[in-house]
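A.B. asks: What follows is each chain in one-letter form.
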Amino acid sequence: MDTKNIMIVGVGGQGSLLASKLLGRLLLTKGYDIKVSEVHGMSQRGGSVVTYVRFGDKVYSPVIDKGEADYIVSFELLEAARWTEYLRPEGKLVTNIQQINPMPVITGAAEYPAELAEKLKAAGVQVDAFDALTLAEQAGSAKAVNIVLMGHLSRNFDFTLEEWMDAIEKSVPPKFLELNKKAFMLGREA
Amino acid sequence: MKTLMLGNEAVARGLYEAGCAFVSSYPGTPSTEITEAIAKYKEVYAEWAPNEKVAMEAAFGACMAGKRSFCGMKHVGLNVAADPLFTISYTGVNAGMVIGVADDAGMHSSQNEQDSRHYARASKIPMLEPADSAEAIAFAKLAYELSEQFDTPVLLKMCTRVSHSQSVVEPGERIEAVKPYEKNPQKYIMMPGNAKKRHPVVEARTRALTEWAETACINRVEEGSDHSRGIITSSTSYQYVKEVCGDKYPVMKLGMIWPLPEKKIRDFAASVDELIVVEELDSFIEAHCRDLELPVKGKELFPNIDEFSQNLVAQKLGLEAPCAGCRVADAIPPRPPVMCAGCPHRGLFYTLAKNKITVLGDIGCYTLGAVAPLAAVDSVICMGASISGAHGFTKALEGAADGKTVAVIGDSTFMHSGITGLVNVAYNESNATIIIVDNSITGMTGHQQNPTTGFNLKGDPCTKIDLETLCRAVGIRRVRVVDPYDLKQTEDAIKEELAAPEASVIISRRPCALLKYVKHSKPVQVDADKCRSCRMCMKIGCPAISMKEGSDGKMKAVIDNTLCTGCGVCTQLCHFDALTAAKEAE
Chain P
33 MDTKNIMIVG VGGQGSLLAS KLLGRLLLTK GYDIKVSEVH GMSQRGGSVV
83 TYVRFGDKVY SPVIDKGEAD YIVSFELLEA ARWTEYLRPE GKLVTNIQQI
133 NPMPVITGAA EYPAELAEKL KAAGVQVDAF DALTLAEQAG SAKAVNIVLM
183 GHLSRNFDFT LEEWMDAIEK SVPPKFLELN KKAFMLGREA
Chain D
57 MKTLMLGNEA VARGLYEAGC AFVSSYPGTP STEITEAIAK YKEVYAEWAP
107 NEKVAMEAAF GACMAGKRSF CGMKHVGLNV AADPLFTISY TGVNAGMVIG
157 VADDAGMHSS QNEQDSRHYA RASKIPMLEP ADSAEAIAFA KLAYELSEQF
207 DTPVLLKMCT RVSHSQSVVE PGERIEAVKP YEKNPQKYIM MPGNAKKRHP
257 VVEARTRALT EWAETACINR VEEGSDHSRG IITSSTSYQY VKEVCGDKYP
307 VMKLGMIWPL PEKKIRDFAA SVDELIVVEE LDSFIEAHCR DLELPVKGKE
357 LFPNIDEFSQ NLVAQKLGLE APCAGCRVAD AIPPRPPVMC AGCPHRGLFY
407 TLAKNKITVL GDIGCYTLGA VAPLAAVDSV ICMGASISGA HGFTKALEGA
457 ADGKTVAVIG DSTFMHSGIT GLVNVAYNES NATIIIVDNS ITGMTGHQQN
507 PTTGFNLKGD PCTKIDLETL CRAVGIRRVR VVDPYDLKQT EDAIKEELAA
557 PEASVIISRR PCALLKYVKH SKPVQVDADK CRSCRMCMKI GCPAISMKEG
607 SDGKMKAVID NTLCTGCGVC TQLCHFDALT AAKEAE
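Sequence order for the protein chains is P and D.
Residue 143 in this note's numbering sits at position 111 of the first sequence; the count goes up by one each step and never skips.
Residue 175 in this note's numbering sits at position 119 of the second sequence; the count goes up by one each step and never skips.
Extracted from the complex, chain P is given alone in its bound form (with noise of 0.2 Å):
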């Protein structure tokens, strides 16, 4: 097979590296090499962050480049568009429509760009847009968008549901088990 690569951006502190743990031990189970590419440190702080995971019979390079993301999974609108020259050209770009201001645009030096997913759309980009931050909320907690994501994310895959759930057990604590798997299912559906 060949090496299948998905990109999960945001802003430091959204949850990317939960996301990331997911997919790990869901690729696990199949088999596949894999490798995951964080960011930690001083970008963490409320930065642009950026974690690549890749998986297939071989994989070599722990990072994705430009023009070769089969899936790019964005927490944040700006974040999105900011990674997109990452897709391949028939590679799909799933994001939650939430906004967050960056500090360039809060202190009035730059300005949020508007109707952006539209734009994305125009500009040739194939855009699964939704509002992730809402279906968290209902499930309990505004921290659950990472999982929402991974649960819109999974309908593009034919992991089985079962294979999900068992990977999200792996990856959170028993106590936040039940919000998790609702958080999911919402994503899955949406």
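Read the hints as simulated data drawn from the structure, not as lab findings.
Idealized CB from N, CA, C, for every residue including glycine.
A few of these clues could be false.
Here are the simulated lysine-lysine pairs, BS3-like style, with alpha carbons at most 27 Å apart [stated by the list, open to error]:
no., chain 1, residue 1, chain 2, residue 2
1, P, 175, D, 578
2, D, 578, D, 551
3, D, 551, D, 451
4, D, 96, P, 207
5, D, 460, D, 575
6, P, 202, D, 451
7, P, 98, D, 353
8, P, 53, D, 98
9, D, 595, D, 610
10, P, 175, P, 214
11, P, 207, D, 572
12, D, 304, P, 98
13, P, 62, P, 124
14, P, 36, P, 90
15, D, 451, P, 213
16, D, 578, P, 207
17, D, 575, P, 175
18, D, 520, D, 572
19, D, 514, P, 53
20, P, 202, D, 96
21, P, 90, D, 578
22, D, 460, D, 514
To spell it out: a stretch of chain P is covered by chain D in this simulated footprint if at least three of its residues, at any positions, have a beta carbon under 8 Å from a beta carbon of chain D; those stretches are [what the hints assert, rightly or not]:
no., stretch
23, 59-66
24, 96-104
25, 115-123
26, 131-137
27, 155-167
On the provided structure of chain P, position chain D as indicated by the hints.
C.D. replies: Chain D alone, transformed into the frame defined by chain P:
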């Protein structure tokens, strides 16, 4: 059983399996998780040292005592530890000793992009360089074998992409390896008479290690179908080369980066038409090939700046790379890291900027005081440079800088290398004002304990170094504590200490808002009717505050309740009582 493991966790696993019993490190991205992971194994004693030099000396003491030991640090930390490094190369070891160093090509979280491989050659200590997590385990174990076989410390060189990538590993079992200590002055006392006899031993060791490198299986050749080119590479560059070339060209994959083999490289060069070296940062393998007088291409094709990627390697080798995908025409504003909402550093830097004070900064979260809109910092060099720099700055201007210059340094950084700077301030009597921002944790690297927190790496209560007593003990008479959430108290203290005719220390004390035990107040309330759109509250660069159009069409301050910790700093800036802090934490 196969599992996914972060490169740094894999190093820790390798150390554990090799019977490592003593670890002393100082945190630094991208090396920190090695030590955090090894601390979870109960068989291993692990600690945070106040700095890398202390860590390396402690690890050396442990290996001399007969326990396999490790110290871990980032590339710039190796500069701090360079003094013991060059001399423990002479003494060699008793039980094995491994030094982990993690470079940061691309400077994701660093102040420079130095190439630590030069330290291996300069100190004459062998260096292994894993390319993924499985190799991280294997090379950590091999490092101990080499260390004891060749009587040398061994450098284990990581980089951001190997340290912070997870890949598939198969963990093994732990062995125990303990040696008795025997007094040996000729080996361990490095005064000139003994050191002169050890230097030839080191040179002979390097020749023996070079011989070992000729046949070592970690320096392997992977055959290719097209011998018009042959590529020598290592670490993450190897991964990019294989990603784009597959089995097309023969590849020499080096696992030991110093000393490098000679015959093996000559033979490889002879088997291909064109020899190419692919390595991040400086010419190191390439320089070795040139020393062997081999025609080679390296830095004429590849940059010595920033990290590589598969597309870059493809492009530089003239191979096909994918085209970039679509993007919107709008400019995408950058999203730099920022001080968190509720960060105790914010009020301090606002006060310094407001009073137009020259700030010699330091390394930590508070480096972000340099970023707009606070923009309160004048320099950041390395750990501890704030205090020593402020001393020199103040002295150089012979009084003209008095009342206008401060050093700002964190609690952990002060313990790391601020104390000696403060001794210099006291001893040579400058009027420098030193502000220690004490947030009760090592923040930037992700909350590590340090000598001022009262807890050790394993999370157990321990001796807490008292900053006030320490500063007084080195000879600073004026030492006071302020709460940076109280802007007036902070400003008054800064003005008074700057005006004082002697050196002083202000400890700006508030725990990091992200610490679990810190209770947050209710979010700040905005009275939109009172907000006059003056944007005063925007001057502190708080990510929880923004301006949105109100019902009267005017821009009004808005608080993001999910981010706001109710610290109340913004409420002290509002002249119109539009912002109100909730009372105390519930």
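A.B. asks: With reference to the structure, classify each hint as holding or not holding.
C.D. replies: Hint-by-hint comparison with the structure:
{"no.": "1", "hint": "P/175 to D/578", "result": "holds, 19 Å"}
{"no.": "2", "hint": "D/578 to D/551", "result": "violated, 31 Å"}
{"no.": "3", "hint": "D/551 to D/451", "result": "holds, 19 Å"}
{"no.": "4", "hint": "D/96 to P/207", "result": "holds, 23 Å"}
{"no.": "5", "hint": "D/460 to D/575", "result": "violated, 35 Å"}
{"no.": "6", "hint": "P/202 to D/451", "result": "violated, 60 Å"}
{"no.": "7", "hint": "P/98 to D/353", "result": "holds, 26 Å"}
{"no.": "8", "hint": "P/53 to D/98", "result": "holds, 25 Å"}
{"no.": "9", "hint": "D/595 to D/610", "result": "holds, 19 Å"}
{"no.": "10", "hint": "P/175 to P/214", "result": "holds, 13 Å"}
{"no.": "11", "hint": "P/207 to D/572", "result": "holds, 18 Å"}
{"no.": "12", "hint": "D/304 to P/98", "result": "holds, 23 Å"}
{"no.": "13", "hint": "P/62 to P/124", "result": "holds, 23 Å"}
{"no.": "14", "hint": "P/36 to P/90", "result": "holds, 11 Å"}
{"no.": "15", "hint": "D/451 to P/213", "result": "violated, 63 Å"}
{"no.": "16", "hint": "D/578 to P/207", "result": "holds, 25 Å"}
{"no.": "17", "hint": "D/575 to P/175", "result": "holds, 19 Å"}
{"no.": "18", "hint": "D/520 to D/572", "result": "holds, 19 Å"}
{"no.": "19", "hint": "D/514 to P/53", "result": "holds, 24 Å"}
{"no.": "20", "hint": "P/202 to D/96", "result": "holds, 19 Å"}
{"no.": "21", "hint": "P/90 to D/578", "result": "violated, 51 Å"}
{"no.": "22", "hint": "D/460 to D/514", "result": "violated, 42 Å"}
{"no.": "23", "hint": "59-66", "result": "holds (count 3)"}
{"no.": "24", "hint": "96-104", "result": "holds (count 5)"}
{"no.": "25", "hint": "115-123", "result": "holds (count 7)"}
{"no.": "26", "hint": "131-137", "result": "holds (count 5)"}
{"no.": "27", "hint": "155-167", "result": "holds (count 3)"}
Hint compliance for this structure: hints 2, 5, 6, 15, 21, 22 are broken, all remaining hints hold.
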